[in-house]
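So the sequences go chain by chain: S and P. Going by my numbering, the residue at position 149 of the first sequence is 149; the numbering climbs one at a time, nothing skipped. Converting from the second sequence to my numbering requires adding 1000 to each position, the first position being numbered 1.
Keep in mind the hints are simulated off the structure, nothing from the lab. Take the hints with a grain of salt, since some may be wrong.
[Unchecked claim] Here's a subset of chain P near chain S, in silico, CB distances under 7 Å, partners left out:
1) Gly1045
2) Met1057
3) Val1061
4) Ser1062
5) Phe1081
6) Ala1101
7) Val1104
Here the structure is a predicted model, which is why all the values come from computation and not from measurement. Even glycine gets a Cβ: it sits at the ideal position worked out from N, Cα and C.
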Amino acid sequence: MPVNPELVGRVFPPTSPYLVGREKVREFARAVFAEDRQHFDPEAARARGFADVVAPPTFAIVVQEQTLAQLLGEQDSGIVLEHVLHAEQRFRYSRPIVAGDELTATLTVSGIRALGGNTMVTSDAEVRDAAGEHVVTTTSVLVVGGGDS
Amino acid sequence: MIPAVGDVVAERTVHLTRESLVRYAGASGDFNAIHYRDDIAQAVGLPGVLAHGMLTMGVAVSTLDPWLGSSGVVTEYGVRFTRPVVVDPESGADVTVVAKAAEVDAEARTARIDLTVTHNGTTVLGKAQVRVRFE
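All chains should be modelled from the sequences, with the hints used to inform the complete structure.
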C-alpha cells in the first residue's frame, strides 16, 4: 500500500503530557556526550536562570517519538516502520526544555511528495508546556520506501 | 563570545562504541534493532550496525556546549542524514565535528554555526546548521 496522499494537512490529537524527569535529562545528556554542568547540576542550571537541569537540544525527539507512533498507528497511512528512513530533522526552539516541564505535542502532516520510487513525508510536531506556551516545533522528513521488494 | 565569520568555535572527536548505541537506545527510546543487531542490519541490506542518526545529530550539537558557556542558547538546529555511521563491534567508530561561524549578527547577538561532521573522512550530516543566541 502506498503512502496515503490524503494525510497532508491532517492534524492529530495532542499527545498525553510527557513529564521531563531530571534523571532522564542526565541520562540523555550522557548518551549524546553532552558534558556541560547545566545538564546535570540543578544549581548550575539555576545560576543560568532555569528552573532545573537543561535538556540537550535534541531531547525534543523523545517527545516527537510519541507523535511518530500516532502517525504509524493511523490505519490508512500506508506507512510501515520497516520501510521508513529518517532523512531530515529540525528543531525550532522558543526556549530550552528543562526538567519538570510537562510537554504535549500536536502533530501535523505538512507535506507528501514522491521521490523516485519512494515517498517523502514531512511532519511538524508543535510542543507546548503545561501553561500552553510554545517550547519547540520539531520537523521531520521521513523517506518511505515503496515496499516492492 | 560573539565570533567572527569563519571562526572555528568548537571541535572534537567522539569515539562511539556498541555500548554508546545501546546507551542512546535506552535514553531516547529508539530501539530499532539495526542499531544493535548485526544479523538484522545485514538482513535489511546495511553494511553493518549503524549509529542512530539522532545520536550523531546530538553528539554534533553538544560540541558547542563549552563555547556557548553560560550565556548562549540554541534556538534552531537542523540536519540532513546523508551517510550512515557504521559502528564496528571491536573498533567502534570515530565521529569528528568542526563548528564554524557562517553568519554573525553582533547587534542581535545571534549567529549561524555550520557543523561539519565526518566519519572516516566522509561527511555524514548534510546542511547541519545551528542558530544560537547570546544573552
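Each hint, compared with the structure:
no. : hint    : verdict
1   : Gly1045 : violated, 9 Å
2   : Met1057 : holds, 6 Å
3   : Val1061 : holds, 5 Å
4   : Ser1062 : holds, 4 Å
5   : Phe1081 : holds, 6 Å
6   : Ala1101 : violated, 18 Å
7   : Val1104 : violated, 19 Å
Of the numbered hints listed earlier, those contradicted by the structure are 1, 6, 7.
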